[in-house]
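Colleague: As they're listed, the protein sequences go chains V and W. Letter 17 of the first sequence, counting from 1, is numbered 16 in numbering that gives the first Met the number 0, and no numbers are missing. Letter 300 of the second sequence, counting from 1, is numbered 299 in numbering that gives the first Met the number 0, and no numbers are missing.
If a hint is listed, it holds; no wrong ones were tucked in.
Since copy identity is lost for identical chains, a pair holds within one copy or between any two.
Below, a list of computed lysine-lysine pairs in the DSBU-like style, where the Cα atoms sit at most 35 Å apart:
id : residue 1 : residue 2
1  : Lys183    : Lys384
2  : Lys21     : Lys186
3  : Lys281    : Lys21
4  : Lys118    : Lys281
5  : Lys384    : Lys355
6  : Lys43     : Lys313
Derived from the structure by calculation, the hints contain no laboratory data. Owing to the predicted nature of the structure, the values given are computational and were not obtained by experimental measurement.
Given next are the chains, with one letter for each unit.
Number of protein chains: 2
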Amino acid sequence: MKFGGTSVANLERMRVAASYVKEEVDRGNEVIVIVSAMAGETNKLVETVNSVSPYFDAREYDAVVSSGENVTAGILALILQDMRIPARSWQGWQVPITTTSSHSSAQIMDIATDNLNAKFQEGLKVAVVAGFQGISQENRTTTLGRGGSDLTAVAFAAKFDCERCDIFTDVDGIYTADPRIVFKARKLNRIAYDEMLELASLGAKVLQTRSVQMAMAHQVPVYVRSSFSRKPGTLVCNEDEKMENRTISGIAHSRDEAKISIISVADRPGVAATIFGALSDKGINVDMIVQNISESGRTDITFSCPIEHAPIAKKSLLDAKKDNLANFKDIVLDLEVCKVSVVGIGMRSQSGVAAKMFAILANEGINIKVISTSEIKISVLVDRKYMELAVQALHDKFELHANRITPK
Amino acid sequence: MKFGGTSVANLERMRVAASYVKEEVDRGNEVIVIVSAMAGETNKLVETVNSVSPYFDAREYDAVVSSGENVTAGILALILQDMRIPARSWQGWQVPITTTSSHSSAQIMDIATDNLNAKFQEGLKVAVVAGFQGISQENRTTTLGRGGSDLTAVAFAAKFDCERCDIFTDVDGIYTADPRIVFKARKLNRIAYDEMLELASLGAKVLQTRSVQMAMAHQVPVYVRSSFSRKPGTLVCNEDEKMENRTISGIAHSRDEAKISIISVADRPGVAATIFGALSDKGINVDMIVQNISESGRTDITFSCPIEHAPIAKKSLLDAKKDNLANFKDIVLDLEVCKVSVVGIGMRSQSGVAAKMFAILANEGINIKVISTSEIKISVLVDRKYMELAVQALHDKFELHANRITPK
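Model the full assembly from the supplied sequences, consistent with the hints where possible.
Modeller: Laid out in structure tokens, this is it:
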């Protein structure tokens, strides 16, 4: 059971979280609880570190920002004890959770099971573990990056062969679209790992891509639910455990995209590698890439990236040109675009989804600027002002509001 | 170099602390820095834990309250790095600092030197270590109790055979009396361990008794100074390194004392043991004990304790009477007393100090209620309303304001 920052924001919320844990214990289960820092605490620490120096040592950064989870773990253990549940806390070094040495974005290498299992055998019912952290082989505290506590939770569920990994958050599951944009958006009872992966990487912020990947790799059923309501959540599971095999499962969107076109690039081998190598070196998260048909040995390359990366992207491209690493005529930035995607494993077996999507958008007078597809998703860049309209129209015309198949 | 909570209260203060460290590095020294939590942080965590349950698990308490020091250690390391000083942080488990398992009041068993020394050999200049904490043999985080970071500092200084242990605090040294009470109080350039021990246990809050004891045992010169001013501080050192061998070094006071008299106790062996055993079981800090001359097989016993312990002390004595463990007629509480003491190693060789002290107090019309003496100190309980008058009169008549001997 993993509780995110808003679910442990204060003592009152932690007591609610503890009551969910108690229910599982009362059912006869042993529980591993993974906790985030109290909402806001980690950000406060990050701000402090940033204000010391923008060029901080990531090892010290990790030592500082991991402290919030330690506090929550100890306090939640105390609350559980106060409810007469045998509980204790573990910090990353105590388990130990060993990770790579990539501080602030470490990957979990291994989780030792001996310590926790020994205590469970002695009668412990709940192990409360600080999420988001581990230790490197150099014995320094590491953190796992954004969404790290979810990753900790899925990794423990995999390693301890848990029945289920419950992710408690402040939304009650995965929806067919963002309910703030689509009034008729419907909560999914089940979603396949593949679909969740696409939705996660497309801006549905409930679960991070890395956690879904790990859950898929280790076949961990992940149940996303709210600690603020008793409504059923969404189970992320295998395709074949999913009853509602509709063509489309959901519409995702990402508001703040930038479209960057490099005009008249020499069209010869190695040019794309140079360009995207330069962008990658600067840590720019390039998403969609489109290359136009070459005419007379020159071509245009268009790509999208998060809007906040656009200025650095432009600068690094101009630097590459100056250093004669890339030869192009011009760069055109469009900072007024967004990305809208339809996702569904049913697309594998059903053709015509792309055509239908484009027709729906055309019907609303929405011009498509870039298209990118995968086996189970179609994404388009459109003007940002059309984002809500595009999401609503797609949700409506693909009839995602209709709950035609009774869920399990 | 140890920096207390007010000396690392915020980034600005931490930068000042770092500048003191830099001076030592610039002098060619390697430095171990011990840090407290930012002022107020630990209290906030303690309050949170207390609000969960008054009967908390001390192991979880320690896991929670130790986090403040970890944050300070990381941030101070970052500030030092930003000043181009090779620095890194260590938490208790990383050193490791091994302690007993008496959570919240653990004793340091050992400090490993290999890790830090290896890094110093690689060119590290400053090791920033989280104070107040360690780990038990069960691999749980422990804390050392009140004044724990001072203890960490002295222990590191002893273990690493350091030249000196500088304790940076918000006062600029040890005074002949509390300067808020005695306008003419004079800062001591040097004070002997023995004297500091008496002053520490008598309510001069600058250094805790345990730290002074450890410094004395390991012959660690402790230099108490302020991080808020450039004034020279006070060196706590061996008697023979002390130049100013005056009879009296200082006047200490403790405002909130209670005097408890047990009237008409059976005067036979074992009675005192029963009474003070019962008080000790309740964690009551009994200080002075006086027993009157026995008449007709009954006696009166008077003792003092911190005023906040008085109600529990009374209750446990009445319980002992009810259970027939102690037989006495009555208990009389006096909650309006304070303790005033004169301290000085010169008292060993000079008689008449007690007589002079009593005469000075009598001259001011101050009645002495209880007297207790050691080799280098005389303490009296007097009515609280006379506290300032008593301290001032003693300071004046023993001429402590006069700096007759030029300090080294």
